[in-house]
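Undergrad: The primary structure of each chain is shown beneath.
Number of protein chains: 2
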Amino acid sequence: MIAVAERINGMFKDVRKAIQKKDPGPVIELALRQTEQGARYLDINVGTAAADQQAAMRWLVEVVQGACKTPIALDSQKLPVIQAGLEVCDGRPVMINSVSGDAEKLDVYMPLAVQHNASLVALTLNVDGVPQNIEQRVEIAMTIVAKAMEHGLDPTKVFIDPIILPVTVDQKQPLYICEVIKQIKTVLCDPAPSTIVGLSNISQGTSQRPLINRTCLVMLQAYGLDAAIIDVLDTDIMDATITADVLMNRIIYSDSYLKSARM
Amino acid sequence: MIAVAERINGMFKDVRKAIQKKDPGPVIELALRQTEQGARYLDINVGTAAADQQAAMRWLVEVVQGACKTPIALDSQKLPVIQAGLEVCDGRPVMINSVSGDAEKLDVYMPLAVQHNASLVALTLNVDGVPQNIEQRVEIAMTIVAKAMEHGLDPTKVFIDPIILPVTVDQKQPLYICEVIKQIKTVLCDPAPSTIVGLSNISQGTSQRPLINRTCLVMLQAYGLDAAIIDVLDTDIMDATITADVLMNRIIYSDSYLKSARM
Chain A
1 MIAVAERING
11 MFKDVRKAIQ
21 KKDPGPVIEL
31 ALRQTEQGAR
41 YLDINVGTAA
51 ADQQAAMRWL
61 VEVVQGACKT
71 PIALDSQKLP
81 VIQAGLEVCD
91 GRPVMINSVS
101 GDAEKLDVYM
111 PLAVQHNASL
121 VALTLNVDGV
131 PQNIEQRVEI
141 AMTIVAKAME
151 HGLDPTKVFI
161 DPIILPVTVD
171 QKQPLYICEV
181 IKQIKTVLCD
191 PAPSTIVGLS
201 NISQGTSQRP
211 LINRTCLVML
221 QAYGLDAAII
231 DVLDTDIMDA
241 TITADVLMNR
251 IIYSDSYLKS
261 ARM
Chain B
1 MIAVAERING
11 MFKDVRKAIQ
21 KKDPGPVIEL
31 ALRQTEQGAR
41 YLDINVGTAA
51 ADQQAAMRWL
61 VEVVQGACKT
71 PIALDSQKLP
81 VIQAGLEVCD
91 GRPVMINSVS
101 GDAEKLDVYM
111 PLAVQHNASL
121 VALTLNVDGV
131 PQNIEQRVEI
141 AMTIVAKAME
151 HGLDPTKVFI
161 DPIILPVTVD
171 QKQPLYICEV
181 IKQIKTVLCD
191 PAPSTIVGLS
201 NISQGTSQRP
211 LINRTCLVML
221 QAYGLDAAII
231 DVLDTDIMDA
241 TITADVLMNR
251 IIYSDSYLKS
261 ARM
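Those sequence lines, one after another, are chains A and B.
For reference, each letter of the first sequence is one residue, going 1 to 263 in my numbering.
For reference, each letter of the second sequence is one residue, going 1 to 263 in my numbering.
It does not matter which identical chain is meant; a pair holds if it fits inside one copy or across any two.
In silico EDC-like pairs for lysine to aspartate or glutamate, Cα to Cα no more than 20 Å straight-line:
id : residue 1 : residue 2
1  : K172      : D255
2  : K69       : E29
3  : K13       : D52
4  : K78       : D52
Since the hints were derived computationally from the structure, they do not count as laboratory data.
With the hints as extra help, turn the sequences into a complete structure.
TA: Right, here's the structure in full:
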C-alpha cells in the first residue's frame with residue numbers, strides 16, 4: 001500500500017503558522033518524521049493558509065525537497081496552484097492530486113501529467129456530483145481510463161479515487177467502494193489503473209475515527225486498493241496497513257516486517 | 001460477526017487445572033467474562049486435560065450452563081466427546097465443532113446435528129488432507145452442502161471452515177480464503193451456508209500474533225465471513241471485528257456501537 005502522508009496541509013494549525021511565517025522548521029520536521037514512518041509520498045496542501053496559494057505551494061515544495069528525497073503529491077483543486085508546484089519540482093516522482101472525472105478537465109490534467117511524468121489522482125465524480133452507487137462510479141472510472149489512453153498516460157500512473165462517504169451518511173457505501181475497487185482492478189484495462197482513497201472521510205462525525213479509519217483501510221486493501229491518503233504518524237494504522245500488505249502477499253513476511261516495511 | 005470465544009479449552013493451564021481439580025470457579029469466571037465481552041458462543045474444548053474426556057466434557061458443559069445463558073460450541077475431534085456434551089445440553093443453541101468434509105463422516109454428524117437442532121462446523125478437508133487452493137476447498141464445500149440438503153440440515157446452520165494456514169507457510173493463502181468465503185456465500189446455494197474460521201492459525205510462528213489475527217479477521221469479514229473462533233478477551237480484536245460489522249452494514253452505527261455490540 002502506497003501511504004500518502006497527509007500532515008503537510010495548511011488546514012493544520014502548525015503548518016498554517018509555518019506557511020504564514022515562512023518558517024521552514026515545522027515543515028521540515030513533518031517531512032522527515034512522515035518519511036521515517038513509511039510515507040511513500042508526502043502530500044502538500046496549502047489549504048487556506050495564504051492569500052497567494054501559488055507562492056505558498058512553491059515555497060512548501062522547495063522546503064520539502066530540501067529536507068528529503070521522498071516523492072511528493074501536489075494537493076489542490078486549483079490548476080494554477082498545481083502548476084506552481086510542478087514548476088519547482090526537482091525531478092523526483094510527483095503525484096497531481098486531484099482532478100474530477102469530467103472529460104474537459106481530464107483533457108487539461110492528463111497532458112499536464114504526461115508532460116511532467118507525473119501520476120494523477122482522478123475522482124469518480126463529475127458535474128452531477130458524487131455517485132452513490134457502484135455502477136456510476138465505475139462508469140466515470142471508464143471515462144478516466146479512456147482519457148488516459150487518449151492522452152498517452154500509463155494507466156498505472158492514474159490513481160482512481162472512488163470517493164468514500166462517511167459511514168454515518170450511508171452504511172452501504174464501504175462495501176460499494178470495495179466492489180468499485182475490485183472492478184477497477186480487474187475489468188477496466190490491462191495493466192489496471194491504480195486506486196487511491198482519501199481515507200479519513202469514512203469516519204467523519206464518528207466517535208471512533210482512528211479505529212474506523214484503519215478497519216476500513218484493511219477492508220479496501222483486501223479488495224486491491226493501491227494507495228491511501230492517511231496519517232502515517234498514527235502507528236496503529238501503519239501497523240494495520242503493513243500487516244494487510246503481508247496478508248495480501250504484497251510484502252514478504254519476516255519477524256521484523258513492521259520495521260522493514262517502513263524503511 | 002459471530003464471535004465464538006476460545007478460552008474454555010483444556011490446552012490453557014487455568015482450564016486444565018480446573019478440569020483436573022473439578023474446580024468450577026475459573027470456568028464460571030471465563031464463561032461470564034467472555035459473555036460480557038461479546039461472545040455469541042462459548043467454545044468448550046477438553047483438550048488433553050482429562051483421561052475421561054467424555055466425563056470432562058459433560059462437567060464443563062454443566063458448569064458453563066449453570067453460569068450463563070450463552071450458547072455453546074462443543075469442540076472435539078472425537079464423536080463420543082461431542083455426544084457426551086450433547087447429552088447434557090439444556091436446549092440452548094449449540095454448535096458442533098467440528099467434522100471433516102468426508103462423506104461418511106458427514107453422514108454421521110449431519111443427522112446428529114438435525115436430531116439436536118444444532119449447528120455444525122464442517123471443515124474443507126478430507127482424507128487427502130487440507131487443500132492448498134481455492135477450487136478444491138470449494139469442491140469440498142459443495143460436498144458439505146449437498147450432504148446438508150440430503151440430511152435436511154438448514155444450510156445456514158452449516159458453518160463451513162475453509163481452514164486458514166499460517167501466513168508463514170504460504171502468503172497466498174489469506175487471499176485464497178477470502179475468495180473461498182466469497183464463493184461459499186454467493187454461488188453454492190440459497191440461502192447460503194454460514195462460514196467460520198479458526199482464526200489464530202494464520203499467525204502461528206509469527207512475531208505479531210494479535211495484530212495479524214485482527215487484520216486477517218477484518219479482511220475475511222469484508223468477503224462475508226459469518227463467524228470466527230477468537231479470543232474475545234482481546235479488546236483490540238473485538239473492537240476491530242465490531243467496526244468491520246458496522247462497515248459491512250451488519251450492525252447499525254451509533255456513537256456507542258462498540259459497547260452496544262457487546263451486549
